[in-house]
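Could you slot chain B onto chain A? The hints should help.
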Amino acid sequence: MLILDLAAKSLLNRRFTASLAILSIAVSVALLVGVNRLSEGTRASFQSTISGTDLIVGARGSSTQLLLYSVFHIGDATKDMSFAAYEDVAGLPDVAWAVPLALGDSHRGFRVVGTSTDYFEHFRHGGKKRLAFADGAPFADLFDVVIGADVARTLGYRPGDKVVVAHGSGTAAIHDHDTLPFTVTGTLAPTGTPVDRALYVPLDAITAIHVDWQSGRPPRPGEETSADALRTEELPPPRVTAMLLGLKSRMGLFQTQRAINEYEAEPLTAILPGVVITEIWRLIGVAERALTVISGFVVAAGLFGMIGILLTALNERRREIAILRSLGATPAAVLGLFTLESLLFGAAGIVLGYGVLSLASLLLADFVSTRFGLFLPFHWLTATDLKLFAAVLGASGLLGLVPAGIAYRSALTDGLAMRL
Amino acid sequence: MADGRAEPQTGQAPVLELTGIRFGWRPGGPPLLSVGHLAVGRGERVLVRGPSGSGKTTLLGLMAGVSRPDRGEVRLLGAPFSAAPAARRDRLRADHVGYVFQLFNLVPYLTARENILLALRFSKRRAARLAEMGRQGRAEAERLAAGLGLPPDLLDRHPRALSVGQQQRVASARALIGAPELILADEPTSALDEEVRGRFLDLLFAECAGSGTAAVVVSHDRDLVPYFGRVVEIADLQAEDRRAPVEPA
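Chains A and B, in that order, give the protein sequences.
Quick note on the working numbering: the first sequence kicks off at 166 and runs consecutively.
Quick note on the working numbering: the second sequence kicks off at 30 and runs consecutively.
Just chain A, with the same shape it has in the complex (with noise of 0.2 angstroms):
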């Protein structure tokens, strides 16, 4: 008690240095502490990237891919599947509910998906979270386009103004279906996943903007029909690139994705959503433990930090030394109070560093989710952080041990004598 009472007064009096001390471990604790929030809310929001859709259809091919190019709007898709085909599934025994979507478009660098109302009644992301409307409805009409989160602030549309739909994407855009505008009718709420970064039409519109188009090639002036004409049209059956699948219950899971995997009309893969994504997080996952070893090296930084300045002070202690031996405290004691002094350092660094995060995380993490598509949950302590600040704590007492083995060492060799 007296030793922790002298380690408390020491390290008040070097206010200054010590707070240094303090701030930069609270600040690699921080940081420590929110990289392992962070990639924790970053797989959980990867993860529930989408939820509530049991399986995920598309022409033959690499599952990887098929969920890249549907749920995440990564890469193109080589082939389509016939809506013949997306009529027979959707009418499987098992089958709730089915969502197509048609991909291809884009619009100032966002995909432009085709699809159903369905989409937004059935697709859930991060838990059990439905698709909510910021502002405006779902389409209604042909020419209708509902736009993401994402869409909507950089692009600043807003429900009334129009959008012209390019063929292809990316750099690849090479013709805009200008004479066909779209009007925004609804924007969708933030959700943090790549829904935020697309452009929803009906399935309809699709094959609307491509129906004058001959062989891949656009039609040229002057010969495109008209939108009021492709309202009233007969359109041809739309092309579905992939879809969603609901079942009515689990039990049929696998019976269904056997069944659509071994339809004999066309080449199909299903997927089941979950696992593709566990597989892919397994591959970017890296990224994540490398952030964890740089903010590692940040908290031992931080520690070698502490010694420096404990080192430092070092010598004008050894006057401190003497005075407490001659007041009778053993060497001991003398080793005790240096290698507590460092344990106050790392403690009082912890209890900062984790209380500026705690109160960052409650007061950011709307901003950092709508902003970024990160999710930053909020917990007291997790078993995690509590291994971290045993092992923070651990550094800096084994750390301390440097100076305090040293006090030690003169408190036996110097004696009583005063090194001024």
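Fair warning: there could be bad hints in the mix.
Derived list of chain A stretches under chain B, where covered just means 3 residues or more per stretch with a C-beta under 8 angstroms from a C-beta of chain B [unchecked claim]:
1) 284–298
2) 485–492
For each label pair, taking beta carbons as the anchor points, the in silico distance ranges come out as [said to hold, decoys possible]:
3) B/G178 x A/F181: 32 to 40 angstroms
4) B/S81 x A/T457: 57 to 65 angstroms
5) B/G163 x A/G570: 38 to 46 angstroms
6) B/L132 x A/A466: 37 to 45 angstroms
7) A/L551 x B/R164: 25 to 33 angstroms
8) B/G82 x A/T457: 55 to 63 angstroms
9) A/A466 x B/G107: 53 to 61 angstroms
10) B/R164 x A/E481: 31 to 39 angstroms
11) B/P255 x A/T182: 46 to 54 angstroms
12) A/T457 x B/A112: 53 to 61 angstroms
13) A/T182 x B/L132: 22 to 30 angstroms
14) B/D99 x A/G570: 21 to 29 angstroms
15) A/F181 x B/S219: 51 to 59 angstroms
Some chain A residues well away from chain B (every beta-carbon gap over 12 angstroms; in silico) [claimed, not checked]:
16) P258
17) G274
18) D369
19) R423
20) T443
21) I445
22) E481
23) T495
24) A498
25) L564
26) A576
27) L577
28) T578
29) L581
Just so you know, these hints were derived from the structure itself, not from any lab.
Quick reminder that beta carbons are idealized off the backbone N, C-alpha and C, glycines included.
The following block gives chain B in isolation, referenced to the frame of chain A:
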């Protein structure tokens, strides 16, 4: 904590007794320090005088039980001191010895009052002795400070806000609190002005007399001689040792 041994006798035995001491053997040469016999009685004031480099600090280290002689024995209140294990020597020092350095006596991050009371916190025995006398630590710190010529309002200052003379008074109060049997002082007045020096020693010895504390001051300063009942030259201690080595009893 008392480690189960009988506490030192406070009756007839000398407060401090050094016998046949040799310290710092070097191959071929004489030891750094040798003492034939030196005994300090209860309440006695002894000046151990010698020029710098004569082994004063070494002698004080031996008397305080921080270092041990290569030969011979130091006894404190009749009990083995140099022969005791390190932890017990530290305990005996805390309980029975007050120590005053030449300079920089105070723990810089504690107030003057906290520095004085530190002696009681390191020794339950000294705290208990104070309680037996019906005195309370804080009041006793103030009483000693006043007795040594230190105004009470200075007690809440940190050492850096005190003059050297004031610091030495605080250090003396810390050495005296709880009435230890012995005070050891290493050139306690060398940093003081001449006129302050005498007053400082007068007050210190008055307090020593009040609590029956013996004082051993080690100094090179001949001007201090009149204040002491007995003066021992380090050179004589060594010479006496060379003439007639005294075997430990």
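Right, here's what the structure says about each hint:
Evaluation of the coverage hint for the region 284–298 of chain A: breached, as 0 residues show C-beta separations to chain B shorter than 8 angstroms, against a requirement of three. Coverage of the region 485–492 of chain A by chain B holds. Counting CB-CB distances below 8 angstroms, 7 residues qualify, and the rule asks for three or more. For the pair B/G178 and A/F181, the supplied restraint of 32 to 40 angstroms holds, since their beta-carbon distance comes to about 35 angstroms. At about 60 angstroms, the beta-carbon gap between B/S81 and A/T457 stays in the expected band of 57 to 65 angstroms.
Between B/G163 and A/G570 the beta carbons are some 44 angstroms apart, a value that agrees with the proposed interval 38 to 46 angstroms. Between B/L132 and A/A466 the CB atoms are about 39 angstroms apart, so this pair conforms to the stated range of 37 to 45 angstroms. A C-beta distance of roughly 48 angstroms is found between A/L551 and B/R164, which places it outside the suggested range of 25 to 33 angstroms. Between B/G82 and A/T457 the beta carbons are some 60 angstroms apart, a value that agrees with the proposed interval 55 to 63 angstroms.
A C-beta distance of roughly 57 angstroms is found between A/A466 and B/G107, which places it inside the suggested range of 53 to 61 angstroms. For the pair B/R164 and A/E481, the beta carbons lie near 35 angstroms from each other, so the given range of 31 to 39 angstroms is met. Checked against the given bound of 46 to 54 angstroms, the beta carbons of B/P255 and A/T182, roughly 47 angstroms apart, stay inside it. A hinted range of 53 to 61 angstroms for the beta carbons of A/T457 and B/A112 is consistent with their spacing of about 57 angstroms.
Our hint of 22 to 30 angstroms for A/T182 and B/L132 holds, since their Cβ atoms are close to 24 angstroms apart. With their beta carbons about 27 angstroms apart, B/D99 and A/G570 fall inside the hinted range of 21 to 29 angstroms. Our hint of 51 to 59 angstroms for A/F181 and B/S219 is violated, since their Cβ atoms are close to 33 angstroms apart. Every CB of chain B is more than 12 angstroms from the CB of A/P258 (nearest about 81 angstroms), matching its label as outside the interface.
Distance check for A/G274 against chain B: the nearest CB is about 62 angstroms away, which clears 12 angstroms, and the non-interface claim stands. The claim that A/D369 lies off the interface holds: its Cβ sits roughly 81 angstroms from the closest Cβ of chain B, which is beyond the 12 angstroms cut-off. With 12 angstroms as the threshold on Cβ separation, the claim that A/R423 sits away from chain B holds: the shortest Cβ distance comes to roughly 76 angstroms. For A/T443, the non-interface assignment is confirmed: its Cβ lies about 56 angstroms from the closest Cβ of chain B, beyond the 12 angstroms cut-off.
For A/I445, the non-interface assignment is confirmed: its Cβ lies about 57 angstroms from the closest Cβ of chain B, beyond the 12 angstroms cut-off. Remark: the non-interface label on A/E481 conflicts with the geometry, its nearest Cβ contact in chain B lying 9 angstroms away (cut-off 12 angstroms). Separation of A/T495 from chain B is inadequate, the least Cβ-Cβ distance of about 5 angstroms not exceeding the 12 angstroms criterion. Once the 12 angstroms rule is applied to beta carbons, A/A498 is inconsistent with being away from chain B; the minimum gap is 8 angstroms.
Every beta carbon of chain B lies more than 12 angstroms from that of A/L564, the smallest distance being close to 22 angstroms; the non-interface claim holds. Non-interface status of A/A576 relative to chain B is broken: a Cβ of that chain comes within 12 angstroms, the nearest being about 9 angstroms off. The claim that A/L577 is not at the interface with chain B is violated, since a C-beta of that chain comes within 12 angstroms of its own (minimum 9 angstroms). Against chain B, the non-interface label of A/T578 is violated: not every CB pair exceeds 12 angstroms, the least being about 10 angstroms.
At roughly 5 angstroms from the closest C-beta of chain B, the C-beta of A/L581 falls inside 12 angstroms, breaking its exclusion from the interface.
In summary, the numbered hints that this structure violates are 1, 7, 15, 22, 23, 24, 26, 27, 28 and 29.
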